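2 protein chains.
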Amino acid sequence: MKYKAYKDRLTKIADISYTTAVLGWDQETYMPEKGAGFRAQQIATLSGMIHELFTDKELGKTLNKLDNSKKLTEKQRRNITQTLKDYKRQKKYNREFVELLSKTQSECFQAWQQARKENNFKLYAPHLTKMIALKRKEAEILGYKKHPYDALLDQYEPGARVADLDILFKDVRSQLVAFVKKVAAAKQNDDKFMRLHYPKDKQWDFGIDLLKQMHYDFDAGRQDLSAHPFTTSFSPKDVRVTTRISENNFKSMIWSCIHEGGHGLYEQGLPDSEYGLPSGEAVSLGIHESQSRLWENMVGRGLPYWKANIKLARKYFPENLNDISAEQFWKASNIVTPSFIRTEADELTYHFHILIRYEIEKALMEGKLEVKDLPAYWNAKYKEYLGVKVPNDAQGVLQDIHWSHGSIGYFPTYSLGSFYAAQFYATAKKEVKSLEDKIENGNLLPLLEWLREKIHKHGKYYSAEELCKKVTGEKLNFNYFMDYATEKYSEIYGLK
Amino acid sequence: MKYKAYKDRLTKIADISYTTAVLGWDQETYMPEKGAGFRAQQIATLSGMIHELFTDKELGKTLNKLDNSKKLTEKQRRNITQTLKDYKRQKKYNREFVELLSKTQSECFQAWQQARKENNFKLYAPHLTKMIALKRKEAEILGYKKHPYDALLDQYEPGARVADLDILFKDVRSQLVAFVKKVAAAKQNDDKFMRLHYPKDKQWDFGIDLLKQMHYDFDAGRQDLSAHPFTTSFSPKDVRVTTRISENNFKSMIWSCIHEGGHGLYEQGLPDSEYGLPSGEAVSLGIHESQSRLWENMVGRGLPYWKANIKLARKYFPENLNDISAEQFWKASNIVTPSFIRTEADELTYHFHILIRYEIEKALMEGKLEVKDLPAYWNAKYKEYLGVKVPNDAQGVLQDIHWSHGSIGYFPTYSLGSFYAAQFYATAKKEVKSLEDKIENGNLLPLLEWLREKIHKHGKYYSAEELCKKVTGEKLNFNYFMDYATEKYSEIYGLK
Chain A
1 MKYKAYKDRL TKIADISYTT AVLGWDQETY MPEKGAGFRA QQIATLSGMI HELFTDKELG
61 KTLNKLDNSK KLTEKQRRNI TQTLKDYKRQ KKYNREFVEL LSKTQSECFQ AWQQARKENN
121 FKLYAPHLTK MIALKRKEAE ILGYKKHPYD ALLDQYEPGA RVADLDILFK DVRSQLVAFV
181 KKVAAAKQND DKFMRLHYPK DKQWDFGIDL LKQMHYDFDA GRQDLSAHPF TTSFSPKDVR
241 VTTRISENNF KSMIWSCIHE GGHGLYEQGL PDSEYGLPSG EAVSLGIHES QSRLWENMVG
301 RGLPYWKANI KLARKYFPEN LNDISAEQFW KASNIVTPSF IRTEADELTY HFHILIRYEI
361 EKALMEGKLE VKDLPAYWNA KYKEYLGVKV PNDAQGVLQD IHWSHGSIGY FPTYSLGSFY
421 AAQFYATAKK EVKSLEDKIE NGNLLPLLEW LREKIHKHGK YYSAEELCKK VTGEKLNFNY
481 FMDYATEKYS EIYGLK
Chain B
1 MKYKAYKDRL TKIADISYTT AVLGWDQETY MPEKGAGFRA QQIATLSGMI HELFTDKELG
61 KTLNKLDNSK KLTEKQRRNI TQTLKDYKRQ KKYNREFVEL LSKTQSECFQ AWQQARKENN
121 FKLYAPHLTK MIALKRKEAE ILGYKKHPYD ALLDQYEPGA RVADLDILFK DVRSQLVAFV
181 KKVAAAKQND DKFMRLHYPK DKQWDFGIDL LKQMHYDFDA GRQDLSAHPF TTSFSPKDVR
241 VTTRISENNF KSMIWSCIHE GGHGLYEQGL PDSEYGLPSG EAVSLGIHES QSRLWENMVG
301 RGLPYWKANI KLARKYFPEN LNDISAEQFW KASNIVTPSF IRTEADELTY HFHILIRYEI
361 EKALMEGKLE VKDLPAYWNA KYKEYLGVKV PNDAQGVLQD IHWSHGSIGY FPTYSLGSFY
421 AAQFYATAKK EVKSLEDKIE NGNLLPLLEW LREKIHKHGK YYSAEELCKK VTGEKLNFNY
481 FMDYATEKYS EIYGLK
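From first to last, the protein sequence lines stand for chains A and B. Sequence positions in the first sequence follow my numbering and run 1 to 496. Sequence positions in the second sequence follow my numbering and run 1 to 496.
Next up, chain A with everything else stripped away, as it sits in the complex (with noise of 0.2 Å):
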């Protein structure tokens, strides 16, 4: 009965939580302008009302009985441990401390979007200092072993260390740097294609038919148009994604729309008996990313993939693609080169730019370096990292709206998701019988039964190491994604 009265308890909360995403969606897409100032009182009262329930004094006493109990089972004991984990947490905070963050963060985020319009840093420079000192504060209220970064990077990936990601990150440096020079200093591939006129509503439709073909189940989601492409979800019975479309670029449109429908994917296959509790829920940042990143560019940027869709594709644009083959569409959709914005960046250099990130975020939290010295020492990492020379500091140290938000801890989950993806990949090759073959005919089914088997009818019963354990025999390990990106793009770049 008492774990009843948990799930009870775990389930209202779900539904606000859930209510609350609804508002947020509906801000990014539908909602008109003037309807801001009361949808941003409308979401606090809820968020509010949801700290509230989930520090509540009773849920606390019924995690603590459960939690030394011996009648659960051992799903049951999972859900609890990770409940208590998060509870534990969000009870470290005092109301002055939220009020103070919540705070911060709305000057800080203002100041960012001011600073970034006049392209000065300046302006944004005294609320990022006070932002970095008291997310050295929460890190010391949330404690930590090792580093005090560790305390933030496991509220977005739970288990992420400064200790590993260092590891990990040294890799990348030494392999994939080296790599990229050479990419770079192959002949590069056409897309100028890519950037003639593709008409909006027939890119919509397209869209919409690769969704179809991935078997996102749009009797449980929809897609719409938002500036920024995202995915949120209502239930595992209503996930949203969105996108958008330019009509000079048509890359732009195919890669959110892939991206976001792996998002998609994964919460639709989470298990809606387990809905509001943590086995009803994605891992981490990391593992979710891992969904997009394989759909987008192990699958979506694959060369099986464009011999499937490219008739599709010419259908919809006969003028612009009739000429092109598969393989120029796919070597047009795998052009590396360094750049300084990350979201537009190719997947290889796209690390460089977490990287970068990664480096800062750990010497601010050190206090190692400071908030006046970030744009020289961005702009000196780009030079070292990418090559590339940062015009300025918009379109540098403050095109990312993360720090404002006080996300910091954020960013490595980028670069993680992508190498599980390129790892649980390795694996769906061994283990689903000619898989690219069946991607080659436009049958993805079989992927999408592998991932949810393996990774999303589990939820968050394992977390994200035991989850790739599980799933491909060993911890999360970054040479299947050197392996994936050296055997593509030696073809792609003809470095073999």
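Keep in mind that the hints were calculated from the coordinates and are not lab data.
Note that the list lumps identical chains together, so a pair holds whenever it fits in one copy or between two copies.
Restricting the straight-line Cα-Cα distance to at most 25 Å, the calculated cross-link-like pairs of lysine-lysine (DSS-like) are:
hint, residue 1, residue 2
1, 457, 34
2, 91, 12
3, 12, 57
4, 429, 469
Being a predicted model, the structure only gives us computed values, none of them experimental.
With chain A held as given, fit chain B onto it using these hints.
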């Protein structure tokens, strides 16, 4: 400070209520099919929280103290009076009753759906019987002075009583029935051109143009499609309307669009400084309906309006309308003909549909009519008032959703709305200089400004009766509607 505590609490409740409205809006417009189950659960959770917050003892104490305070402004005092009345009403329900009602509602609704589908009233009868018994019990719980129906009417139309409605509907019966007979005997006008092919996209654009002309603010609202048109509000700065489009019935979109636009203008005109308080809410369903009916019928089915808009209509649909004059369009939009479906009725015979439901609800609440005798009673009334033979129960007694939800006392507000509308419009014609000339020139702003000033901006500060007296100088008087109808339809049908 007490008043601030009251306002803060009501703001919080409003945040949750408006959020629930977002969930409802999404459910009717964009939600994918499979999302229904969890969505219903989420709405139930939020509704429960609203009830909990609104019946909280602390709120009761605050209200009672404020009710005795001498320090309040008149507006504050009226807010407290209203909220205290609502609070006391909510407190009368015990948990068992609320749960039983909720359970009965969902069973009754399901039975109604099935019964209508199968044209089998017997499937519905036992559930409706249970519902009526509960509603009679609810009237006892709520209390009343003269008639149990009064207690239910008051929920939708505060202050409405059987004693007054009996007089009103007696007028409807004696005056309107006779006049409609005269109209029915006259030569019918041609509206075949309304049923030509009107492409969906063009209808949509035309409807948007009509809403813009009404000064519906699209920065504080939007229109979407739904099976049944409705208006919903998430704040005065975010008011959504929906419409439906039938390609072979031009009328369906036009007047649903103007009707919901009228509701929308009222919500957009409520004072946002009074968000969440009675003075920031609509007076009653009847007054709300007066705004939609005034725009739909007095304005949107008037000759000046079509003199202004026939050219626009022709621009969108030249093939269908180039040979149609404003007069022809106007006459075609005012076809009076008795029928057996309420939602398709013209603005005169509509009230017989309401009259029938009113008489039935009253008799059910008095215990003078039993559910098993409903179909025969219904059909006899339709014969008597409308002269039509109801073909079957699905298109007869089973046509409306209201009773299956337990909404007893709701129907009369539809007629009240039309009658208030006629009275308000008659006053507007006196007070707004050359009103109909302005309408004929497509200038609807003076009318909107008058409505804003006289009605919208006051929220619920006045009761319906007070408001009516303040705006028109007298309480609700059916003669205004009768005069409007006689003049308009005598001209249309050549009865002068």
